[in-house]
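A.B. asks: Take a look at the letters that make up each chain.
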Amino acid sequence: MSSVSKWGNLAQYDWSVMSPEFIILGVATLLSLLDLFMNKKADRRILAWIGFLGIIVAGYFVVRNTGQNVVSILNDMYRVDGFANAFKLLFLSGVAFVFLISLTYIDESKNIRYSGEYYYLILTALLGAMLMASSSDLITLFVGLELLSISSYILVGTRKQHIHSNESAFKYVISGGIASAITLYGMSFIYGLTGSTNLYVIAERLSSVFYDGFDFLVYFSFFLMFVGFAFKISVVPYHMWAPDVYQGAPTPIAAFLSVVSKAAGFAIVLRVFLISFGSLVSFDMETGQQGSVLVNTLSVYIAIVAAASMIIGNTLAMRQVNIKRMMAYSGIAQAGYLLVPFATLTVLMFEQTMFYLVAYLFANMGAFAIIMLVNRDQKTEDLKSFAGLYHRAPWMAIAMTFFLLSLAGLPITAGFFGKFYIFMSAIVHSSYWLAGIMLATSVVSYYYYFGVIRQMYMRPGKTEAPLKVPASIGLVVLIALVGTVAAGIMPDPVMQYIHHKFPLQQMFQPGGQ
Amino acid sequence: MATVYMNNYLIVAIFLFLGILLPVGALTLARFLRPSNPTEEKRKTYESGVEPVGSSWVQFNVKYYIFALLFVVFDVETVFLYPWAVAYDSLGLFALVEMVIFIVLLVIGLIYAWKKKVLEWN
Numbered sequence: 001m002s003s004v005s006k007w008g009n010l011a012q013y014d015w016s017v018m019s020p021e022f023i024i025l026g027v028a029t030l031l032s033l034l035d036l037f038m039n040k041k042a043d044r045r046i047l048a049w050i051g052f053l054g055i056i057v058a059g060y061f062v063v064r065n066t067g068q069n070v071v072s073i074l075n076d077m078y079r080v081d082g083f084a085n086a087f088k089l090l091f092l093s094g095v096a097f098v099f100l101i102s103l104t105y106i107d108e109s110k111n112i113r114y115s116g117e118y119y120y121l122i123l124t125a126l127l128g129a130m131l132m133a134s135s136s137d138l139i140t141l142f143v144g145l146e147l148l149s150i151s152s153y154i155l156v157g158t159r160k161q162h163i164h165s166n167e168s169a170f171k172y173v174i175s176g177g178i179a180s181a182i183t184l185y186g187m188s189f190i191y192g193l194t195g196s197t198n199l200y201v202i203a204e205r206l207s208s209v210f211y212d213g214f215d216f217l218v219y220f221s222f223f224l225m226f227v228g229f230a231f232k233i234s235v236v237p238y239h240m241w242a243p244d245v246y247q248g249a250p251t252p253i254a255a256f257l258s259v260v261s262k263a264a265g266f267a268i269v270l271r272v273f274l275i276s277f278g279s280l281v282s283f284d285m286e287t288g289q290q291g292s293v294l295v296n297t298l299s300v301y302i303a304i305v306a307a308a309s310m311i312i313g314n315t316l317a318m319r320q321v322n323i324k325r326m327m328a329y330s331g332i333a334q335a336g337y338l339l340v341p342f343a344t345l346t347v348l349m350f351e352q353t354m355f356y357l358v359a360y361l362f363a364n365m366g367a368f369a370i371i372m373l374v375n376r377d378q379k380t381e382d383l384k385s386f387a388g389l390y391h392r393a394p395w396m397a398i399a400m401t402f403f404l405l406s407l408a409g410l411p412i413t414a415g416f417f418g419k420f421y422i423f424m425s426a427i428v429h430s431s432y433w434l435a436g437i438m439l440a441t442s443v444v445s446y447y448y449y450f451g452v453i454r455q456m457y458m459r460p461g462k463t464e465a466p467l468k469v470p471a472s473i474g475l476v477v478l479i480a481l482v483g484t485v486a487a488g489i490m491p492d493p494v495m496q497y498i499h500h501k502f503p504l505q506q507m508f509q510p511g512g513q
Numbered sequence: 001m002a003t004v005y006m007n008n009y010l011i012v013a014i015f016l017f018l019g020i021l022l023p024v025g026a027l028t029l030a031r032f033l034r035p036s037n038p039t040e041e042k043r044k045t046y047e048s049g050v051e052p053v054g055s056s057w058v059q060f061n062v063k064y065y066i067f068a069l070l071f072v073v074f075d076v077e078t079v080f081l082y083p084w085a086v087a088y089d090s091l092g093l094f095a096l097v098e099m100v101i102f103i104v105l106l107v108i109g110l111i112y113a114w115k116k117k118v119l120e121w122n
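Chains as they are written, first to last, in my numbering: chain G, 1 to 513; chain V, 1 to 122.
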């Protein structure tokens with residue numbers, strides 16, 4: 001005791017690495033207090049700017065953390081490594097985009113009555129996502145998951161007077177609750193078998209459990225957790241909430257769900273399964289050979305889930321007339337593509353996933369910004385609201401074309417290389433059937449992405465009046481466009497950057513204590 | 001190892017079995033021992049000696065629910081304060097600061113409820 005200062009043992013940890021989370025928490029608290037004491041009629045946009053500033057500062061601290069050694073706090077309850085930093089930067093930039101889009105969305109349509117709460121709930125959701133990226137303990141991970149989920153349930157329902165919003169919030173909370181229960185059920189098996197919630201301890205003990213005749217329970221817990229997480233990343237079998245929820249949610253929140261929430265789901269999937277199941281090996285009795293369970297046995301099922309998501313997402317998207325529903329099905333298909341690196345597990349698995357997530361972030365945020373603008377102007381979410389956009393706002397139409405090309409995976413956009421890397425990983429793994437399905441469904445997806453492009457350029461609109469573009473939307477579209485094209489022309493520097501700045505190996509170094 | 005794991009579930013199964021068997025057995029036994037003499041008064045719902053009025057399907061004011069939520073906030077606070085107070089000497093000043101942050105966050109919850117007029121009954 002005497003060696004420890006009067007501040008106690010806990011003060012010995014390097015708490016400064018948690019500054020990004022502390023800042024987000026502090027700003028969210030500050031916003032809630034300001035919102036309470038502000039005049040009811042007062043303009044709440046100042047809160048959005050304070051929140052935006054907080055995100056920038058938090059981003060600065062994440063950047064300062066990158067490239068450092070692993071720091072672990074409280075027995076890996078919280079840890080900073082390359083994996084965590086990469087995902088945190090992705091979440092922070094995603095939420096910054098959402099804030100900019102929201103500024104215009106809430107400003108003119110009075111459909112969100114409690115806009116102060118709207119802003120700080122996005123920040124608490126962001127905090128949950130950051131915890132999900134930055135922990136190696138099942139309990140903390142689950143707390144982060146629930147913080148993100150519960151905040152999103154409320155956000156989806158913030159258009160209180162809107163019947164679709166109410167319906168989607170209700171559906172979201174019910175199916176999300178079931179998904180959480182399934183996840184917890186799977187986690188409880190893992191805890192029961194290994195007696196620990198720390199992922200590294202689980203990894204150590206899981207193989208002995210596996211050989212003691214509990215291989216069935218190990219598989220069972222894997223599938224339960226995977227199905228639970230499938231809800232967050234909206235892949236088959238847990239994808240059906242996405243179209244309804246995206247349609248009813250305010251458009252910026254749909255953008256949030258499709259990018260930040262989905263990326264957070266991938267963070268927890270990769271973290272939990274790569275650490276705890278990554279070192280599990282099985283013996284083949286006949287040949288006497290050793291093989292990784294994740295690579296040999298489980299990857300097939302992940303590949304099937306990925307393939308099913310691509311097929312179902314892309315086919316159903318073709319039949320949509322509501323643009324937000326179409327984007328939801330497109331998001332299901334994109335999540336399917338994103339699962340391919342996890343199913344093939346090549347050396348560059350993390351870089352491929354990250355590159356695709358970055359491409360997806362830019363393309364989806366840009367697309368949702370324009371969708372919001374057009375829908376608000378035309379007062380409908382129909383695909384036809386895009387008719388004649390080229391004549392009304394040529395730059396917006398051109399930018400939208402790039403975003404759609406990126407989502408479809410065509411050249412000179414980031415999406416092309418994202419898909420190319422993923423496709424190559426399937427080839428390297430000799431999963432030719434998976435690569436084939438990926439290629440075929442991509443071709444199918446051209447149909448609905450080009451449907452929007454056709455509306456913009458070739459269909460006459462109801463009006464020829466120029467579309468006024470607010471500055472914040474213009475900024476989002478500009479950044480997203482520059483990002484999409486830059487990463488599409490120079491993919492290699494981006495891959496190199498991810499590889500060097502955010503080394504995946506750090507994830508497998510257990511913290512001290 | 002495998003048997004130890006399964007044995008743990010055996011205990012759960014025994015508890016489940018006993019839990020079902022005991023009330024069923026006790027009530028069946030009592031059925032044979034007691035005299036059967038039903039009257040109108042005996043069949044009525046017992047309500048502290050007051051005559052029961054109306055049906056049991058009544059709506060409660062939703063405000064009770066919010067009061068219950070507020071109660072939980074302070075209940076949870078106590079749950080965390082006790083172990084902290086017990087281990088205060090070994091945890092040091094850092095834990096004190098953390099606890100202050102925790103209580104401040106709960107106070108913000110109370111302020112929120114206050115400003116949203118949850119504490120008013122009308």
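For the record, the hints were derived by calculation from the structure and aren't laboratory data.
Glycine included, each C-beta is placed from N, C-alpha and C at the ideal position.
Errors might be hidden in some of the hints.
[Unchecked claim] A few chain V residues facing chain G, derived, Cβ under 7 Å:
hint, residue
1, Ile11
2, Ala13
3, Lys63
4, Leu91
5, Gly92
6, Phe94
[Unchecked claim] In silico DSS-like cross-links for lysine-lysine, where the CA-CA straight-line distance does not exceed 30 Å:
hint, chain 1, residue 1, chain 2, residue 2
7, G, Lys501, G, Lys110
8, G, Lys160, V, Lys42
9, G, Lys160, V, Lys44
10, V, Lys44, G, Lys171
11, G, Lys462, G, Lys501
12, G, Lys41, V, Lys117
13, V, Lys44, G, Lys110
14, V, Lys117, G, Lys171
15, V, Lys42, G, Lys41
16, V, Lys44, G, Lys41
A.B. asks: Straight-line Cα separation of Lys42 (chain V) and Lys41 (chain G) no greater than 30 Å?
C.D. replies: 61 Å, violated
A.B. asks: Sort out whether Lys171 (chain G) lies within 30 Å of Lys44 (chain V), counting only the CA atoms.
C.D. replies: 41 Å, violated
A.B. asks: Can the hint on Gly92 (chain V) be confirmed by a CB-to-CB distance to chain G that is less than 7 Å?
C.D. replies: Holds: closest Cβ of chain G sits about 2 Å from Gly92 (chain V), inside 7 Å.
A.B. asks: Is the shortest C-beta separation between Leu91 (chain V) and chain G less than 7 Å?
C.D. replies: 5 Å, holds
A.B. asks: Regarding the pair Lys160 (chain G) and Lys42 (chain V), is the alpha-carbon distance no greater than 30 Å?
C.D. replies: 50 Å, violated
A.B. asks: Taken at face value, is the distance from the CA of Lys171 (chain G) to the CA of Lys117 (chain V) at most 30 Å?
C.D. replies: 29 Å, holds
A.B. asks: Are Ala13 (chain V) and chain G close enough, Cβ to Cβ, to be under 7 Å, as the hint says?
C.D. replies: This hint is violated: Ala13 (chain V) lies away from chain G, its Cβ roughly 15 Å from the closest one there, beyond 7 Å.
A.B. asks: For the pair we were handed, Lys44 (chain V) and Lys110 (chain G), check the Cα-Cα distance against 30 Å.
C.D. replies: 55 Å, violated
A.B. asks: Using 7 Å as the Cβ threshold, decide whether Lys63 (chain V) counts as touching chain G.
C.D. replies: Status violated, d = 19 Å.
A.B. asks: With the threshold set at 30 Å, check whether the alpha-carbon distance from Lys462 (chain G) to Lys501 (chain G) stays at or below it.
C.D. replies: 50 Å, violated
A.B. asks: Does the nearest C-beta of chain G fall within a distance shorter than 7 Å of the C-beta of Ile11 (chain V)?
C.D. replies: 14 Å, violated
A.B. asks: Could you grab the alpha-carbon distance between Lys160 (chain G) and Lys44 (chain V) and see if it respects the 30 Å cut-off?
C.D. replies: 45 Å, violated
Checked against the numbered hints above, the structure breaks hints 1, 2, 3, 7, 8, 9, 10, 11, 13, 15 and 16 and satisfies the rest.
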